[in-house]
Amino acid sequence: MIVRILETLLQRTLRNVWFGIALLVLIATYIAIGSGLPGVREYFELDEVAFFNAWPFRVLMILLVATLVTVTLERIPFTPTRWGAWIVHVGIVSLVFGGFWHYRYKVEGSTLILQNQTVNHYFDRWERALYVQVPGQMARAPLPGFPRFNAYDAALGNGSALNKFAGLNPVTSGASPQSAGEMAGVKDLRFAVVGYWPYADIRQRLVDRAGGGVGYSLVGPPHPGEDPHDLMLLAGALRYSRTSLHEIELEHRALADPAELSAVAVAASRFHTLNVKLPGFEQSLVLDVGREYRLGDTGYAIVVESFDPRWQTMDKKIVPLLTLMVQTPTTKFRRQVISGSDKPTDWILAGNAGSEGAGPLGKRQTELLDNALITNYTFDDSKKLQPREGTIQYTFFSIAGTMRTTIIAAGPNVPTAVQMLDGSAATITLQSPPPASEVMMAVASGQPLPPAEQVAVEMVRKESAAVEEYVEEVPKIQRNKDDGQAGRKQVVKVRATDGAGWHEDVFVPFNEQILLMPWRGGLVSVPGVTAPVQMQLGNNYRLLPASIRLDKFEADAYGGVDIASAPMMRDFRSTITITDPRSGERVTDTVYLNNPVFYQGGDWIFFQSGWDNQQQRFTILGIGNRPGVRIMAMGCGLIVLGIFYAFYIKPIIIKANKQRALAKAGKAAQA
Amino acid sequence: MRQIFIILATLTALVSSARAAGADSFSKQINIDPIRYMSLQDKQTIKTFDTYAREAMFHITGRSTLDGESATFTVLDMVFNPRAYAERNLIYIRNKPFRADFGSLSFIDAAEKQRILKEGQISLKFWFDPHTQQAMEKQMASATVKAKAIQEIHDQALALSQILDYPGFRGTLVTQAIVPPLDGDSANARPWQSLPDASMKLVQNPQVMSGAYAGSIEKMITAVQGLNTAWVAKDAASVNQQAINLAAAAESVNPTIYPSKTKRKFEVAYNALSRLTWPGAALYFLAFVFFLLAWQTELKWMYVTAWIAVVLAWLVHVGAIAIRWWLVQKNVGNWFEAIPIKNQFESVMFSAWFGTVVALVLETGLINRVFKRLAGWDFRKLHGQGIFGAAGAGIGMLSLVALFAVPFVTGQDIIGAGIRQNAGILMTYWLYVHVTLVTASYALIGMTFVIGTWYAIQYLANKDAAILQTLDAANLTMLQLAFWILGIGIITGALWADVSWGRPWAWDPKETFALITWIVYLIIVHIRIVTSGTNRALITSVLSIVGFGVMLFNWIGVNFFLVGLHSYA
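These protein sequence lines map, in sequence, to chains A and B.
One point on numbering: in this note's numbering, the residue at position 300 of the first sequence is 301, and numbering is uninterrupted.
One point on numbering: in this note's numbering, the residue at position 225 of the second sequence is 423, and numbering is uninterrupted.
Hints were generated in silico from the structure; no laboratory data involved.
Some clues are possibly wrong.
[What the hints assert, rightly or not] Dumping the calculated DSS-like pairs for lysine-lysine here, alpha-carbon to alpha-carbon at most 30 Å: (1) B:K336 to A:K477; (2) A:K333 to A:K344; (3) B:K346 to A:K482; (4) A:K482 to B:K399; (5) B:K399 to A:K364; (6) A:K656 to B:K570.
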């Protein structure tokens, strides 16, 4: 029966030109659907390459090859006038087989190389991997066939589609791989992807939960027109004890004892201590930035202009620095004092004698302008309440069992403030510091510091709270094409288990540069492991066939304009040295647009793919292998040659044959 | 009769008085040609002030003129009377559905909302009003489509504010880079500067700048200040003199790299004639009509007239391509990289040109004679009947009309219509090989469409066997050539992609729809094997039309409807 069916197929169908034409129509339709209706292939979780490597297309191509071979062998005689058809058909068959081989074994990706650095890896463009970091080490579990276009989750009723990504055991790269569980000291630590969203944001909300601690929910629009910021503070929680709102740092500390709070309040009021000595005068002053202090009846006065908690000295040391304006009975000058140092620096103010070449602070002096004035400065922030320069830190203190919240606001260039709130809800006003440039201008011109911007925030306190993460899909109309294609907004929900009954679900974001960009979220506390275990979704790591060093990177802009601001570039050039890992042989070559470097006789290609458009610090090279390309190229050449032969050579041969036949007939007639 | 005379006399008097009134106006009294022909650098490209003004005006207002004045006059008037334009509704909102979003603004009245919806224009002051900006920020966060529309309007607003020097209103040519650089071996090798920047550089580095340079800058500053004063005072004589002074001073900064006067004049003329699109289209139309009439009537004088028109059209077409090549050359510095086939405008221009060349060569019968000698083909004496001529003229006309009319119909220029720099990835010989072949095949596909449609009409109209046979043979001639060249074009594209993107075939929509077009012609070839007679020809003509539709979708539709790698094609 099967033999008869095959015979019929062979005899009647495969040798039928109409069948071939029908196949062409089907192939064209398949291509049009795959390319013109991306929603169709995305429904089946197929990107372009996967769609055109899927079984229906393969079946169509195999049938095309079968019919071509059958028709050619059975219906087209191998005579010079038919050579064109033969060549074209052989060309199409070669192209199809080359294509099968190509898409079966093709890998491609990219690697970012910093100037004068060497890499031996690249990241796959299509395949994802789950990366797990136990402090100090990183393990990886590839996710072949991972979905891309549709969301999957138990709540959506389609979570079973992710079953094949359960029991993941990420391992380190290298000769003797170690699993994430071994690294963490939890042998049966395993991971499973239980949810996936192609374009979503991970959000958090503060919820009531028995056994939780005091938590604060803060909602406020810091700038007109923006969405309200929804923040939360939960003391002791891995990622929620600190947060920030533009230039405002927020922290929550839970205290067990009211006495601790008193100690903190005292510390907050005594950041800057200045011991001042003048002939006949000595005083220890506790200073606030922006205030003026008169030194008894000496005729001296000091204005505290600004404070920089992390000022860098000439020998690269980071020290707290206070800038003072000193008014003496006879003159006025600027003095900078460093905490713990007895060597202040004085500056002659611009416009005064000896101030030629003065900068914003004045002209720096190597000797003190007033030796009589001795200033010893001490900065004390033992409670860590001072933030970095240009910000203000609001530290929320809560004491379990009381409904009181104490908020201490401290910043380099603002006076310290203490605010006490009772109850579970309040509107608090936060001060956003003035821009650093405005502060500098004010200091330089001797003007008062610019005022801080007022931001009203609605605070809600929960006595027994926990932070819950959730995923919010971005509506399709708001999605960005480039982000979507790069997968930048992909989110997975990973379930970590330890084999002993414990499990925890955590949302893990996509990280485009696993080795370079900081990891965000994806943190889980595994029982028995002191440090948190962190996870990221990323492009799968692969080894290069050779190591590549970036010797030099150059970018050319049209019109000689500044490269960082040039909208249109002429070229990018990466001079690279490729080292064969086995022979140690080195080759130096230049990759630029349309001029890739071929490696291993053309089996691999390294091409210019991206670059650092600010400072030319790195290049991004596209990486790809080239299986079957030569066969496909040969097939294409045969098709072109065959068509030309069939259209334009065949008639010449037919004419020559006719003339020969006529001549022969003429001779025969004569004979 | 007397009444007619009175009417004519009245009309003549009215026209004369209108002309007289026009002659009194400031714009008619001044001659700003010296400024029109000046060079400047804009978007990393060297262009005349005329080109800059036209592009800026079209970008901002969706039109190339305002109040019936030239773009150059309008831009200068904006520069010297900036306050008058800050509150005018000049910024054209191209995204029509987005205009309705202005209806949600609470601080404008219903009449204004209706006006925006109808006219689609807003003022610079309105756009930069904090209330508007605040509302737009909210809109931007709501949808990507709206974000794009807002970004487009914002770009237009920035372009206008740059001309007006908003909100500074300093009333001089502040932001335009009209000062050529001192160094560099060609006009576009180094950045040009605006007058304030150049004078600042002069103050900062007096020892570096030569006396001649400083003198030229000072003359330019004096001329601009004088021009400003004269313009505001409407002193036409002084404006004319200062315009001459400014142009001469700019040219004297670095005469060795300053674009030649001839080139600048050609550029202005090229702009004035809509890049020579409508003159060419008009002549092609004439040729098309006469070729059809000649074929229908077999009158020799009509055929000769058609030939005269098509040769003239072709010469204009060649001129359009040659002038553009010449103008592009000054920006890229060499002739090879300047070949004008790097964007949609240039490729349509080239494609139509190639199509007409092939059609006219076939029309003359030269190729037929060669083939007859070699292969015994005579194409059933296809040449000399006007079929190929009409097809070529038809495709030339359609292409040039499209290039001319699209901006007026859509309010947006065709990609690459203005001369500007191209993405570095396009600066390769591969582009010439691949794009030339593909667009050449598109022209041939266009002609198979013309002939295929012609066949279908004839088939429905009179079914004259001889005519149908002739048209089918003509269609086959074009079709074979299109099929073969498109095949090579697709393959060369794959070879280019291999070295550029690291893989020969990405299943990108442009690639796949080109392949589908090719498959349509592959189907035609095979259908012709298994069919015969009228059926064969009819199917061929129908599939020629289908193939043209697929090609057209690939060339234009894919850019609008699908996401892919060929964003510039």
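Here's how the hints hold up against the structure:
1. B:K336 to A:K477: Within the cut-off at roughly 17 Å; holds.
2. A:K333 to A:K344: Holds. K333 of chain A to K344 of chain A sits at ~19 Å (cutoff 30 Å).
3. B:K346 to A:K482: OK: K346 of chain B and K482 of chain A at ~12 Å, within 30 Å.
4. A:K482 to B:K399: With a Cα-Cα distance of about 43 Å, the restraint between K482 of chain A and K399 of chain B is violated, given a limit of 30 Å.
5. B:K399 to A:K364: holds, 27 Å
6. A:K656 to B:K570: At roughly 10 Å apart (the allowed maximum being 30 Å), K570 of chain B and K656 of chain A satisfy the hint.
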